[in-house]
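Given chain C, put chain U in place with the hints provided.
There are 2 protein chains.
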Amino acid sequence: MPVKKGENKKAHPSESEIRQDIVTGDWVVIATARAKRPDDFVSAEQPVQEPKSDPFEDPEASGQEKDVLIYRRDDGDWSLRVFPNKFPVVQNSRTAKDLSEGPYFAMSGVGHHEIIVTRDPKRSLALLDTWQVAEVIDAYQERYLALMNKKTVKYIQIFHNHGKGSGASVLHPHSQLIAIPVVSPGLSLDLAGAERYYRSTKQDVFSVIVAHELEARKRLIFENEHFVAFCPFASRAAFEIWVVGKRHNPYFERITDEEKFACAEALQASLRALHQGLNDPGYNFYIHTAPCDGSDYPHYRWHIEIIPRTATWAGFELSTGIEVSTILPEVSAEFLRKQLQ
Amino acid sequence: MPVKKGENKKAHPSESEIRQDIVTGDWVVIATARAKRPDDFVSAEQPVQEPKSDPFEDPEASGQEKDVLIYRRDDGDWSLRVFPNKFPVVQNSRTAKDLSEGPYFAMSGVGHHEIIVTRDPKRSLALLDTWQVAEVIDAYQERYLALMNKKTVKYIQIFHNHGKGSGASVLHPHSQLIAIPVVSPGLSLDLAGAERYYRSTKQDVFSVIVAHELEARKRLIFENEHFVAFCPFASRAAFEIWVVGKRHNPYFERITDEEKFACAEALQASLRALHQGLNDPGYNFYIHTAPCDGSDYPHYRWHIEIIPRTATWAGFELSTGIEVSTILPEVSAEFLRKQLQ
Chain C
1 MPVKKGENKK AHPSESEIRQ DIVTGDWVVI ATARAKRPDD FVSAEQPVQE PKSDPFEDPE
61 ASGQEKDVLI YRRDDGDWSL RVFPNKFPVV QNSRTAKDLS EGPYFAMSGV GHHEIIVTRD
121 PKRSLALLDT WQVAEVIDAY QERYLALMNK KTVKYIQIFH NHGKGSGASV LHPHSQLIAI
181 PVVSPGLSLD LAGAERYYRS TKQDVFSVIV AHELEARKRL IFENEHFVAF CPFASRAAFE
241 IWVVGKRHNP YFERITDEEK FACAEALQAS LRALHQGLND PGYNFYIHTA PCDGSDYPHY
301 RWHIEIIPRT ATWAGFELST GIEVSTILPE VSAEFLRKQL Q
Chain U
1 MPVKKGENKK AHPSESEIRQ DIVTGDWVVI ATARAKRPDD FVSAEQPVQE PKSDPFEDPE
61 ASGQEKDVLI YRRDDGDWSL RVFPNKFPVV QNSRTAKDLS EGPYFAMSGV GHHEIIVTRD
121 PKRSLALLDT WQVAEVIDAY QERYLALMNK KTVKYIQIFH NHGKGSGASV LHPHSQLIAI
181 PVVSPGLSLD LAGAERYYRS TKQDVFSVIV AHELEARKRL IFENEHFVAF CPFASRAAFE
241 IWVVGKRHNP YFERITDEEK FACAEALQAS LRALHQGLND PGYNFYIHTA PCDGSDYPHY
301 RWHIEIIPRT ATWAGFELST GIEVSTILPE VSAEFLRKQL Q
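Residue numbers (our numbering), protein chains in the order written: chain C, 1 to 341; chain U, 1 to 341.
Chain C on its own, in the form it takes in the complex (with noise of 0.2 Å):
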């Protein structure tokens, strides 16, 4: 990545800085571009309080960043629309600073922070229709493309917050894509798995998870030509359900327009099954797909994961990265097939 090495001065305050953990090698962003004092962390009673305004109804009005892509109807109004978020856990910047201290490693936080928001303020993605979600699925390729390429950018991640303990702050539903320069360790133990399990069995391991959850059934939630949607093995929440192309294809941006819809299709399908059946529960969904850092990961497969917030990581959650889930999941898939029946 493009740090100036030596440099070694504070980013401005207003920048953001990624730190790495010097024992684990991970990382965590310090975003003091929503900088707040020691105060404002006090512990008190959080108010239940509606919004006071939307503030993506009218993005210009409400002082949101211009536009960098829109999409209209035919009468004229927007359909969707994407711009760069006002409060950017990364910054946009031709380069990094080193911001290295001793024996640990930090950097400023380069990259691109934009939210892609559909028109309706009520109507989640479950409650579109498919061409709608089809369009959102559309939006993240035209930007996922239009970024992948930048010189500060190794990995994007597009993801969408929804509902009680997901952590969306705005109601309006959107999706978020953040662009940064390293890729996350996330993704990078995706990766590793990927490549070990090819190595020791000359198989994909997506292509192998795809056939045996297309065989034995008792996980599925939805299946069409191009994708399943199914409830993981090792689901680590409760209704987990993993979005796969039947085809291999470890690149995101590399979607076809045929597959798109077959992904939206796929996507509200299990979307729906969890609103109906849950009674609109917060969830999390994000896409994983290979780094756009210049090498090839042939043997992983791009894939949507969707994780329901049904469950609060404790202590051992936290402590060992082992999750405890309270169901099974094949109970969970019969649930969710049941919704769609």
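Hints were generated in silico from the structure; no laboratory data involved. Accuracy of the hints is not assured; some may be wrong.
Cβ pair distances, simulated, as ranges [said to hold, decoys possible]:
| id | chain 1 | residue 1 | chain 2 | residue 2 | range |
| --- | --- | --- | --- | --- | --- |
| 1 | U | G25 | C | G102 | 29 to 35 Å |
| 2 | C | K338 | U | D75 | 58 to 64 Å |
| 3 | C | P298 | U | N224 | 52 to 58 Å |
| 4 | C | L214 | U | D296 | 42 to 48 Å |
Note that the coordinates shown come from a computational prediction; the quantities given were computed from them, not determined experimentally. Quick reminder that beta carbons are idealized off the backbone N, C-alpha and C, glycines included.
Below, chain U alone, put in the same frame as chain C:
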């Protein structure tokens, strides 16, 4: 581990299952002993309830398991007791059944799950006398030593959930100990990192960290003869604190009596600073120590990590494993230090 191969029949419904993610190699526990039906996950407004009674005030009367350890005061009343969890994540059993399915690996969830309870139902560790916290550490060690050589135990996780958002379901202060048949992914990352650091620098990474923190002092919160408490450079959470020994020792269970008191003092100072500065926030703390799997881990150092629950993990954190913090560890540390003056 002593997995009975080829048996491949389902565990007893009340037993839990340990499943391995085929891609990452990570583990999850499906704790069917705490089983819920799908309907139990239906999203609803949670009424804020005062607990009806304290199950740990008189553990025998409330139907807890029999004590495995009890410390008494001079007046005969108990000051600390340890008993098996009534709703264990893993179950005591001499062997693990193979519960693999097709390409996926799983086994029954064997191990031990114990609760360590202090006498006073209202006073958290931050408010106890230092000798009482030392007694807690004493009990941790005593139970660790009692379980570490069991055939099904490879790793012992000791942790403490406190207050809002921590996942604690009983208000009476208590810690938990879970002995499991696999080394946790969280610890594996630590161990691999410590080993990698040693190979490339011929220095123990925790020696480097402690030396640098004592020199830089800006992230320091507390120091005594044997321990140091500081906000780590790459803090994952606002006000995260690590308590690390000055003596190199990979194995928590080898803590000396003198060190135990010094450790209690450092842990308590850290918790008191959080309690006082942030109005008794929720937090988790846990011990990271070398596994008891028969191998040596000469370049690791056991320590305590305290994670205040000041933020929600949202889609970005879940998908990337990169935490976003909004305050510099140096600012957190300065604020916490002031609480102890």
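Okay, the hints, checked on the actual structure:
1. Distance hint for G25/U and G102/C: a CB-CB separation of about 33 Å, consistent with the stated range 29 to 35 Å.
2. Checked against the hint of 58 to 64 Å, the pair K338/C and D75/U passes, with Cβ atoms roughly 59 Å apart.
3. Distance hint check: the CB atoms of P298/C and N224/U are about 54 Å apart, consistent with the given range 52 to 58 Å.
4. For L214/C paired with D296/U, a C-beta distance near 45 Å keeps the hint of 42 to 48 Å intact.
Violated hints for the displayed structure: none, as all numbered hints are satisfied.
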